[in-house]
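**Student:** Please take these sequences and the hints and turn them into a complete structure.
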Amino acid sequence: MITWMKDGSEVLTSFVGQTQISFLKPIQTSEQGIYEIYYENERSQNRGGLYRLIIRECPAGKWGPTECYGICDKCYNGGVCDDKSGLCICPNNFKGPNCLEICRNDGGNRFGLNCEFQCSYKDDAITRCQGYLFCLPDPYGCSCDVGAHGLACNTLCTVGTYGPGCSQPCHCGSSCNIYSGICTGGCQTGWSGDNCQIPDECEDAYFGSQCTDKCHCLNDEPCDKQTGECPEQKCAVGYKVRSGQVNCQECEGGTFGRGCLQQCHCSSEACETERGLCNGQCLDGWIEPYCQRISRLVPVRVNPYQPSSFTCYVEGIPPPDSSSVDLSRRTGNTDDKTGITKRSSTVSGSERAVVFDVNSVFPQEYGGYQCFLYVENISYPSTLITNATYVLPVIEQAPVIVSTTSATVGLRWNAWSGEDDIGDPPLVGYDVFVEEDGEVATDQRVDQLTTSAIVNNLTPDTGYMFRVAAVRKGTGGTGPLSPGNSSITLCRKPSASPTGLLVAAINPKELEATWEHLPSESADCRSGVTHYTIYYAATGSTSSNTIFVSHDTRSYLIRGLETYLDYTIQMTASNKDDESDRSSETVRKTLEEVAPAPINVANLQSTASSFTVTWSTPLPSNINGNINKYIIRYKRADPTGDGDYKMEEVPTGEFEGEHTVMDLPSEINYTVQVRTVNGAGSSNWSEPVYAKTTLSGTRIPVGAVIGGVIVPLVIIAILIFAVVMFRRIKQRRLKDEPAASLPNAERETSPKYENPVFDDSQQDPNIYEDPNADDHTYQDLNTDTPNYQNRIDPNTYQDLKKPTSNITYRDVTEI
Numbered sequence: 001m002i003t004w005m006k007d008g009s010e011v012l013t014s015f016v017g018q019t020q021i022s023f024l025k026p027i028q029t030s031e032q033g034i035y036e037i038y039y040e041n042e043r044s045q046n047r048g049g050l051y052r053l054i055i056r057e058c059p060a061g062k063w064g065p066t067e068c069y070g071i072c073d074k075c076y077n078g079g080v081c082d083d084k085s086g087l088c089i090c091p092n093n094f095k096g097p098n099c100l101e102i103c104r105n106d107g108g109n110r111f112g113l114n115c116e117f118q119c120s121y122k123d124d125a126i127t128r129c130q131g132y133l134f135c136l137p138d139p140y141g142c143s144c145d146v147g148a149h150g151l152a153c154n155t156l157c158t159v160g161t162y163g164p165g166c167s168q169p170c171h172c173g174s175s176c177n178i179y180s181g182i183c184t185g186g187c188q189t190g191w192s193g194d195n196c197q198i199p200d201e202c203e204d205a206y207f208g209s210q211c212t213d214k215c216h217c218l219n220d221e222p223c224d225k226q227t228g229e230c231p232e233q234k235c236a237v238g239y240k241v242r243s244g245q246v247n248c249q250e251c252e253g254g255t256f257g258r259g260c261l262q263q264c265h266c267s268s269e270a271c272e273t274e275r276g277l278c279n280g281q282c283l284d285g286w287i288e289p290y291c292q293r294i295s296r297l298v299p300v301r302v303n304p305y306q307p308s309s310f311t312c313y314v315e316g317i318p319p320p321d322s323s324s325v326d327l328s329r330r331t332g333n334t335d336d337k338t339g340i341t342k343r344s345s346t347v348s349g350s351e352r353a354v355v356f357d358v359n360s361v362f363p364q365e366y367g368g369y370q371c372f373l374y375v376e377n378i379s380y381p382s383t384l385i386t387n388a389t390y391v392l393p394v395i396e397q398a399p400v401i402v403s404t405t406s407a408t409v410g411l412r413w414n415a416w417s418g419e420d421d422i423g424d425p426p427l428v429g430y431d432v433f434v435e436e437d438g439e440v441a442t443d444q445r446v447d448q449l450t451t452s453a454i455v456n457n458l459t460p461d462t463g464y465m466f467r468v469a470a471v472r473k474g475t476g477g478t479g480p481l482s483p484g485n486s487s488i489t490l491c492r493k494p495s496a497s498p499t500g501l502l503v504a505a506i507n508p509k510e511l512e513a514t515w516e517h518l519p520s521e522s523a524d525c526r527s528g529v530t531h532y533t534i535y536y537a538a539t540g541s542t543s544s545n546t547i548f549v550s551h552d553t554r555s556y557l558i559r560g561l562e563t564y565l566d567y568t569i570q571m572t573a574s575n576k577d578d579e580s581d582r583s584s585e586t587v588r589k590t591l592e593e594v595a596p597a598p599i600n601v602a603n604l605q606s607t608a609s610s611f612t613v614t615w616s617t618p619l620p621s622n623i624n625g626n627i628n629k630y631i632i633r634y635k636r637a638d639p640t641g642d643g644d645y646k647m648e649e650v651p652t653g654e655f656e657g658e659h660t661v662m663d664l665p666s667e668i669n670y671t672v673q674v675r676t677v678n679g680a681g682s683s684n685w686s687e688p689v690y691a692k693t694t695l696s697g698t699r700i701p702v703g704a705v706i707g708g709v710i711v712p713l714v715i716i717a718i719l720i721f722a723v724v725m726f727r728r729i730k731q732r733r734l735k736d737e738p739a740a741s742l743p744n745a746e747r748e749t750s751p752k753y754e755n756p757v758f759d760d761s762q763q764d765p766n767i768y769e770d771p772n773a774d775d776h777t778y779q780d781l782n783t784d785t786p787n788y789q790n791r792i793d794p795n796t797y798q799d800l801k802k803p804t805s806n807i808t809y810r811d812v813t814e815i
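Position 575, counted from 1, in the sequence shown is what full-length UniProt numbering calls 575; the numbers after and before it change by one each time, with no gaps.
Because the hints were derived from the structure by calculation, they are not lab data. Even for Gly, the Cβ is constructed at its ideal location relative to N, Cα and C. One should not assume that every hint holds.
Computed spacing ranges between beta-carbons, pair by pair [to be verified]: (1) Y51 with S495: 19 to 25 Å; (2) D447 with I55: 33 to 39 Å; (3) E116 with R242: 54 to 60 Å; (4) P97 with R43: 43 to 49 Å; (5) A407 with E116: 30 to 36 Å.
Think about it this way: if two alpha-carbon atoms lie no more than 20 Å apart in a straight line, the pair counts; the simulated PhoX-like pairs of lysine-lysine are [claimed, not checked]: (6) K25 with K6; (7) K509 with K589; (8) K692 with K646; (9) K635 with K692; (10) K84 with K62; (11) K635 with K589; (12) K234 with K62; (13) K646 with K635; (14) K576 with K493; (15) K576 with K589.
**Tutor:** Laid out in structure tokens, this is it:
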């Protein structure tokens, strides 16, 4: 079913099922706002429509609410008159008091009061502002850039239209520029101007060559286009035809109104000619700056200590607001407003009458009463006046309690009747008495025709007794108290939230919350806490879940959560009437679980002695925890293999991996699998893939191999024989020569021979340390921190350096 909503909250039930809505004339400013149409229960799917309704406070062509005497400036090229100032609000690419000045003849990319802004400063393309919606001050609203229209503001104007949102018609002999409206073949008959928008016949209320001068005729009658003379020379309010002139001109000499016959309360320079509004320079006896005054204060005279009313008359153009008028009882130099209530305010012409109720008028010997007019926080008093007072009316039934809050109680009672009830008329009002613990705590005066009242400023969770007394004109006019009716005000919301909230991850997909009981005094209710409420949601979620827990419970296990995800937990405490504020947020992560197996495993490339395998992690990649490393296992796929897997670890937390298994024999098929390891353990092995080392390079002939082996062996044998013979000759010489040094003299040896496990023969001549290795390469040890949570972009950490590993270089002759 079609539903209408206003301003995002008010459902317009009277228009349910209708495809359009209408408004009664004259439309009210309260009707403006954002209207939304959608199908019932489908609003969240964003399948409806929105429309913003802007309502001017003045009719078209007029400004200056509420009277709207002013005539707007004539606005061209899609400009709109501001109903508060009468000035034109110009659209993009146009400026000036009447929006006649074209900022750029051949295109857009200009906006602002004086076209001082551009959508692009890098280049000045004519379409740079297309695709944007420009919202100017109300009542202009929003429109596309000049030369474009449509939902996306990027559809060029059709032939015959131009300007903002293509809303302006061209008046050309042939075609016009869609941005400026300038015609290529001259203007149509009846039009003139730079872009043929000025009519030969001006609209009513305007005259002159560009139709921008204002007529100011009575009832907005049209005037002569050349002279501006009004029919019978009758002018609008605030204007008249001066001697020797033919057109209407503004009032002078401190006058205003129709025919300039009324006198301002200020000098002519400060007086507004239509309504007589003043801006300082007031005449004697009038209060600056708005030229206001208190005319008189008129009381209704009654007997001492009886209720009465005072009417304070204030004057000005416009009349002073009722909020600036007050009444007080003056004793000596002290002002007292006790028992005085402002009742009503009415306006007649330039005079406002403000009525005050006084519940007990003191006699003259105790002072008098003054009305005060407040102008810019300064009080101006009236002349001081004084005042002067039959069987008491009886209320026989207790008042009925109709509403109760934590600080108020609403009452209703039967009206006192001069025919059926005890007491003499006339009745002037009622008194409401509030008792606490058997004593009167307060009483409240109510106007005579009102039989209900709201008692305010009561204490929450407190018992009260309520009684009513009728009041009549005469000495001691308050009658006896009625029977009472009791009520207990509601409890306030708890003043504190639960404290000591601790959340622990005990089992996968579960969090245990514990807390401390709220102290009874913090419940702000004699019955104490009734229950606790747990609010929890995944961090960043816009909605939360709710759990209600008994008041005598201190812990709760939250189940059914997602794996390895941060949750925000809050709690409240409730009494029988209200709920506390939420506690501060506590964030905890659920436990890790074993990760899913890697996917997209593939053999990237193979050589004669190696193969390279790649893989990726299912997304979201950290659904079960942070990745610590990967394990590669492989074995020969042919029947001649030993059947055992060989393992290699890849210490990385990246979401996509690549690893090369080296030192393999050539032309061998291998089956390869990968598994992921996180804080919860190892995943299942991936689906196996096959990799095969390639055929080795050019084979060396067997003879050359034998020769290459035997010749070095013969050379080594000769060297060994030479060393042995040299040592024997040296020993013989030592026996024949005396000792030249101590037998235990220290010798400096090479570190190579100091290490007992060093074996030069075991060094692989094809393995070298990387001379360009970075000594500062490091591994990020914080692999279990929230930095890896919810990472969707696998390239986020590609710039981090990986742990240094030994680099195996093959013989350079193979390159």
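**Student:** Broken hints, numbered, in rising order?
**Tutor:** Per hint list: 1, 3, 5, 11 and 15 violated.
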